[in-house]
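J.: Sequence:
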Amino acid sequence: MGRQIKYNSDGTIERHKACLVAKGYTQEEGLDYHESFSPIAKLVTVKTLLAVAAVKGLIGCKSSLIPMDPNLKFSKDEGKLLQDPSEFRRFIGRLLYLSITRPDLSFSVNLLSQYNCSPRVPHLQAAHKILRYVKKSPGQGLFFSSSSICQLTSYFDSDWASCPDTRRSTTCYCVFLGKSLISWKCKKQTTISRSSSEAEYRSMAAASCELVWLRYLLADLTISHT
1 MGRQIKYNSD GTIERHKACL VAKGYTQEEG LDYHESFSPI AKLVTVKTLL
51 AVAAVKGLIG CKSSLIPMDP NLKFSKDEGK LLQDPSEFRR FIGRLLYLSI
101 TRPDLSFSVN LLSQYNCSPR VPHLQAAHKI LRYVKKSPGQ GLFFSSSSIC
151 QLTSYFDSDW ASCPDTRRST TCYCVFLGKS LISWKCKKQT TISRSSSEAE
201 YRSMAAASCE LVWLRYLLAD LTISHT
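All the letters of the sequence shown, read from the start, carry residue numbers 1 to 226 under UniProt numbering.
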């Protein structure tokens, strides 16, 4: 069950809303194909980002070349708390939807979503920068080449001790089938790595597990690959 608070124009609570999720707890990642959505890049994604920009009053904003400053570090205690955290959560929820077909947003949106419990002003400012970046490239999305060969290729990386609060690292990887990007992930590691090499090994292990799973999937589909 999902919960949401609706506010009046003066900031007072109008009502509490709740919605039921249809047996989301029964689904298993990578298995329940018939019980989950399979989103693809299409025009509705462009319309969605334009609608988000209009709601946030950012239609006329300056565009950005990158989604986030690579040297920027966030903390759960830095900056002023937002008066209405639900606004930030809804904003991040929309960006998460966009990141389904925009892997270039995955790292930035994943990082900001970690502060949904107590978002602060710097987090909201960074989210606005992501939207300015999306505005500059609204038609960018996934491309599936018809001339690709069935060869699995994976790239991985890690951001060692990237979280200043927990000192945990971030795992990132992506997998291509030929020239087509088919899988990617950006996630904070569950344990603290004592060195950058250890963080890299954890990222390599995560990417290797994904490759093994994809090889089994292609084998089940009787598709030869290298």
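One thing to keep in mind: the hints can contain errors.
Unchecked claim - Subject to a maximum C-alpha distance of 30 Å in a straight line, what follows is the list of computed BS3-like cross-link-like pairs (lysine-lysine):
hint	residue 1	residue 2
1	179	76
2	80	179
3	185	136
4	187	135
Note that these hints are calculated values from the structure, not bench results.
J.: With reference to the structure, classify each hint as holding or not holding.
T.: Structure-based check of all given hints:
A threshold of 30 Å between alpha carbons decides the hint, and for residue 179 with residue 76 the separation of about 39 Å lies outside it, so the pair is violated. Restraint check for residue 80 and residue 179: not satisfied, since their Cα atoms lie roughly 44 Å apart, outside the 30 Å limit. Taking the CA atoms of residue 185 and residue 136, the gap is near 24 Å; set against the 30 Å cutoff, the hint holds. Using a Cα cut-off of 30 Å, the hinted pair residue 187 and residue 135 holds, with the two alpha carbons roughly 25 Å apart.
Of the numbered hints given earlier, the model fails hints 1, 2; all others are met.
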